[in-house]
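Undergrad: The lines below spell out each chain.
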Amino acid sequence: MGAKVKVIQRKGESLAEKIYLVEVFKGMKTTLDHFLRNLRDNSKLYVRHYPEQQPEIPPRWRGRHRLTTHEDGSIKCVACFMCQTNCPAQCIMIEAGERQDGREEKIAVRFDIDLIECIYCGYCVEACPKDAIRMDTGIFSVVENSREAMMINIEELAATPGAFDEEEYKKGGA
Amino acid sequence: MSLLDIVLIIIRVSFGAFVPLCFIAFCVWMERRGAGFFQDRSGPNRANILGFRAAGLVQNLADAAKLIFKEDVVPGHIKHKFYFIFAPVIVFFTAVVSFAVVPFADTLVLGGKSYVMQAIPTDIGILWFLALAGFAVYGIILAGWSSTNKYGMLGGLRAAAQVISYEIPMGLAVVSLLVVYGTVNLSEMAQFQGQLLFGFIPMWGVFLQPLGVIIFIIAAFAEANRTPFDLAEGESEIVAGFHVEYSAMKFAVFFMGEYVAMFTSSAIIVTLFFGGYQIPWLPTATLVAYAKPVALAVMLLLPVIMYYFAGWIRKNNVSHYDRPNDPRKREGAVYIKILWGVVAIMELFLLIILVSPSGGSLARIFAAELQISTFLLKTTLMCFVYVWVRWTLPRFRYDQLQKLGWQTLLPLSLLNIFVTSAVVVALS
Chain D
14 MGAKVKVIQR KGESLAEKIY LVEVFKGMKT TLDHFLRNLR DNSKLYVRHY
64 PEQQPEIPPR WRGRHRLTTH EDGSIKCVAC FMCQTNCPAQ CIMIEAGERQ
114 DGREEKIAVR FDIDLIECIY CGYCVEACPK DAIRMDTGIF SVVENSREAM
164 MINIEELAAT PGAFDEEEYK KGGA
Chain G
137 MSLLDIVLII IRVSFGAFVP LCFIAFCVWM ERRGAGFFQD RSGPNRANIL
187 GFRAAGLVQN LADAAKLIFK EDVVPGHIKH KFYFIFAPVI VFFTAVVSFA
237 VVPFADTLVL GGKSYVMQAI PTDIGILWFL ALAGFAVYGI ILAGWSSTNK
287 YGMLGGLRAA AQVISYEIPM GLAVVSLLVV YGTVNLSEMA QFQGQLLFGF
337 IPMWGVFLQP LGVIIFIIAA FAEANRTPFD LAEGESEIVA GFHVEYSAMK
387 FAVFFMGEYV AMFTSSAIIV TLFFGGYQIP WLPTATLVAY AKPVALAVML
437 LLPVIMYYFA GWIRKNNVSH YDRPNDPRKR EGAVYIKILW GVVAIMELFL
487 LIILVSPSGG SLARIFAAEL QISTFLLKTT LMCFVYVWVR WTLPRFRYDQ
537 LQKLGWQTLL PLSLLNIFVT SAVVVALS
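These protein sequences, in sequence, are chains D and G. Each residue of the first sequence is one higher than the last, beginning at 14 in this note's numbering. Each residue of the second sequence is one higher than the last, beginning at 137 in this note's numbering.
Think of the hints as simulated: they come from the structure by calculation, not from any bench. Among the hints, a few may not be true.
[As the list claims (entries may be wrong)] Partial selection, computed: residues in chain G whose CB lies under 8 Å from chain D:
id: 1; residue: Phe173
id: 2; residue: Phe174
id: 3; residue: Lys202
id: 4; residue: Tyr457
id: 5; residue: Trp524
id: 6; residue: Thr528
Where is the CB? At the ideal position from N, CA and C, for every residue including glycine.
Starting from the given sequences, assemble the full structure and let the hints guide the process.
TA: Below is the structure:
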């Protein structure tokens, strides 16, 4: 056995530290250095000037969902209900219908996601056997005025393009 | 009463009443932008009127408008509504009124009459401040108690525990100061600090009472309820302490009271220890006698300072991202023009002093104005120290504060009294 024990030296025992004032002034010097540096030249602030400067979204980042499509524009979703079953927030509502183009048997005729309920966990993407739902739109800010408007439907989901090319997205392990 | 008497009374009272109120906006601005710069972020800098942001000061107007129009809730469970509403009034009122005894310029002699430059020309001086500042805590305790809320109650209790630990060292630090100055009158104290120690060091309280300064400043931080002693508020453990139940303007009055208290205690620290309105090596008599050379020096210095300040504005008032014909550059150019205009007007006033006969009442008024500016500059720097400490130090636990007060500051201040008295007796 014998777990490794690392003894950490306790600080704050010496006289200079117990007087407090010396350490207080040291700390105040540190903060004053930061203040003066930023006051002299405020371009040195560690700040992203949002919303003018948008953050850079990496391919693995989970943004708003989209439904992927075949080359002819028909959606890949086969209404297997895997994502809806797997969803911990129960925000996906699917209605299945008969598929007419001969690719598969079923197709989703209704595919709603309630973005208020959604917790952006990405389990729907993990569960999907057909790579039909992805979260690679790069949309990170979803704002509406009402609860109803936060429900997005199948047309909107299919119309949103992915923000990254296939190669980059696949590199992320999808 | 002559017209001059009435005018001077109006000037003094309005200075005592409005300068603390103006400094609320200034201190809040300094706190927020200062906090930003201390933490490498920018602080509120977006709120504007027609594109003019005034370095973020416009944010204060937005906040004030928000607080005024918010719903003023008095929760139904509160039994003593009068005390509940009275508590913020106590905090704010005592903070404003305690500034009234602080001298902001040397006694002005005009037309054979002398005018003490305090809002209330009284002799009790520091006792007035101690009495009123001690009273401000009752507002906080009362607020905590009358909220009928556990967190509020705990905040009030903490304030009570705090007051017994800092009031005594503070009073004793003042006692040793009284031994040195031999007076309680703040005007006389400030005049005393115009002398020179060994002929070259200004005889400021900070040089005569180095230990007293530390004790008094620590106690003043506790008295103004500022970090590291803002344990009555303690937002991480007791939500907001004494003002949990307060909303809208009642909260705003607490908030403003805190900043007025910060300004007032800065003013008191400056008056007691940093020479008050005194310009080092330039006592009032010298200022009046050499008004013209001093005015000339200020005349030469102003454009130089303004030149560098304009350069700083041009460098920093820009957008730090790609933006076609940056509006902030235009904004900065307007500020620079306005400030040069202000400098030109000041130069004109200084020119009047240069051409007027020397030693007259104009020279005395000029000396008083210089002293007022010095006083405000020193107080602003002291307020900055308050902000600086707030964004550096973590909060003390209330048992730690009591330990600090009773076991460290109290013996130290007693020792300070003995040493000071021995030195004063030995020298006299």
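Undergrad: All hints are to be evaluated individually against the structure, with a verdict given for each.
TA: Status of each hint after checking the structure:
For G:Phe173, the suggested interface contact is upheld, since its CB lies about 4 Å from the closest CB of chain D, less than 8 Å. Here the hint on G:Phe174 is kept, as its CB sits about 5 Å from the closest CB of chain D, short of 8 Å. For G:Lys202, the suggested interface contact is broken, since its CB lies about 21 Å from the closest CB of chain D, more than 8 Å. Checking G:Tyr457 against chain D: minimum C-beta separation of about 5 Å stays under 8 Å; hint holds.
Annotation: G:Trp524 was flagged as interfacial toward chain D, and the flag holds, the nearest CB pair being 6 Å apart, inside 8 Å. Checking G:Thr528 against chain D: minimum C-beta separation of about 5 Å stays under 8 Å; hint holds.
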